[in-house]
Amino acid sequence: MDEIRYITRFEDDFPEKLRFIPNPPAGIYVKGRLPDPGKKTVSIVGARACSVYGRYMAEYFASHLAAAGVQIVSGLAKGIDGIAQRSAMEAGGVSFGILGSGVDVVYPVENRDLFEMAVTNGGLISEYPEGATPQKAYFAERNRLISGLSDILLVIEARYRSGTSITVHNALDQGRDIFAVPGRLTDGLSAGCNKLISDGAGMALCPDDILKALGLLSEDAVVTETGKRRKNTEKPGTVKRIRLSEKEKLVYGCLDLYPKNVDEIVRTLHIPVSHATETLTALCIKGAARECAKSNYIKVL
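Using my numbering, you'd call the opening residue of the sequence shown number 1 and step up by one each time.
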């Protein structure tokens with residue numbers, strides 16, 4: 001649906017979640033469709049200049065939540081926002097982009113394909129009219145809609161003081177639950193997330209933590225988008241349905257979600273370089289590891 005609609009706050013189609021938030025918009029422009037009020041929704045936000053770890057976490061959480069039928073909302077921006085939304089739609093889910101411009105204005109321009117995906121697999125929403133160009137103030141204002149449309153706000157990588165904090169404050173004012181993905185104490189990109197957890201936000205160690213908070217996960221099953229139930233017998237953090245040799249298990253156990261260089265793996269395990277590179281190649285082929293930069297690898301959960 002390429003037609004752009006304008007829906008006022010007093011019309012039945014206006015999202016109920018936005019109707020009573022502090023400073024609700026007078027109306028919204030929509031291209032595509034609106035979130036289904038009968039489904040759970042998670043807003044995922046984070047750093048634009050994200051790390052490899054942040055990218056992987058965004059892909060991991062968004063794809064798993066989308067596969068469980070959760071709608072993903074974000075700002076279609078560079079970094080965590082766009083990565084999460086792309087991953088959700090590639091997993092067969094739906095995603096909604098809340099814009100700081102008109103819904104007919106693509107920003108950033110390199111995300112044009114992502115905008116088109118969102119129109120087909122969700123929708124674009126803005127309180128600004130057609131043709132409105134991106135403005136710094138618009139991005140700050142639209143953040144209240146990102147949090148307002150959600151049941152849970154999930155923060156993946158954020159510096160101690162960042163634009164993400166605006167969305168967090170909006171979520172608090174709106175009574176939304178907040179979760180954050182923790183990171184290393186020495187990593188500036190995770191300082192904001194770690195502080196949120198310290199202040200009482202939920203700690204998101206895996207997608208199941210979010211699904212439980214949404215009421216979609218019981219002890220033995222997850223409700224999928226099709227309404228079917230799948231057994232939840234696999235523990236988070238394990239390689240699913242992948243058989244590894246003892247040699248591969250040893251190297252896999254040395255990997256982390258933060259990139260590790262081959263030389264570091266060799267020093268840790270006291271194995272020849274040829275042994276390490278051969279095993280890492282095998283792990284990548286099996287989908288248990290990924291080369292995120294030349295000679296740098298991360299594990300795949």
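Simulated from the structure, these hints should not be mistaken for lab results. Treat the hints with care, since some could be wrong.
[Unchecked claim] Calculated lysine-lysine pairs in the PhoX-like style (CA-CA distance at most 25 Å, straight line):
| no. | residue 1 | residue 2 |
| --- | --- | --- |
| 1 | Lys-286 | Lys-299 |
| 2 | Lys-249 | Lys-286 |
| 3 | Lys-286 | Lys-260 |
| 4 | Lys-17 | Lys-212 |
| 5 | Lys-247 | Lys-294 |
| 6 | Lys-286 | Lys-39 |
| 7 | Lys-260 | Lys-299 |
| 8 | Lys-260 | Lys-249 |
| 9 | Lys-249 | Lys-78 |
| 10 | Lys-212 | Lys-247 |
| 11 | Lys-195 | Lys-212 |
To see whether the hints hold, each was checked on the structure:
This hinted pair checks out: Lys-286 and Lys-299 have alpha carbons roughly 11 Å apart, not beyond 25 Å. Using a Cα cut-off of 25 Å, the hinted pair Lys-249 and Lys-286 holds, with the two alpha carbons roughly 12 Å apart. A C-alpha spacing of about 18 Å is found between Lys-286 and Lys-260, which places the hinted pair at or below 25 Å, so the restraint holds. Among the hinted pairs, Lys-17 with Lys-212 is consistent with the structure: their alpha-carbon atoms are about 21 Å apart, no more than 25 Å.
Our distance criterion of 25 Å between C-alpha atoms is met by Lys-247 and Lys-294, whose separation comes to about 22 Å. A hinted pair counts as satisfied when its Cα atoms are at most 25 Å apart, and Lys-286 with Lys-39 does not qualify at roughly 34 Å. Proximity of Lys-260 to Lys-299 is assessed by CA-CA distance (about 9 Å); at most 25 Å being required, the pair is judged to hold. Note on Lys-260 and Lys-249: the hinted pairing holds, with a Cα-Cα distance of about 16 Å set against a maximum of 25 Å.
For the given pair, Lys-249 sits about 35 Å from Lys-78 by alpha-carbon distance, which is inconsistent with the 25 Å threshold. Between Lys-212 and Lys-247 the alpha-carbon distance is near 36 Å, which puts this suggested pair outside the 25 Å criterion. Under the criterion of a C-alpha separation no larger than 25 Å, the hint pairing Lys-195 with Lys-212 is consistent with the structure, at around 23 Å.
In summary, the numbered hints that this structure violates are 6, 9, 10.
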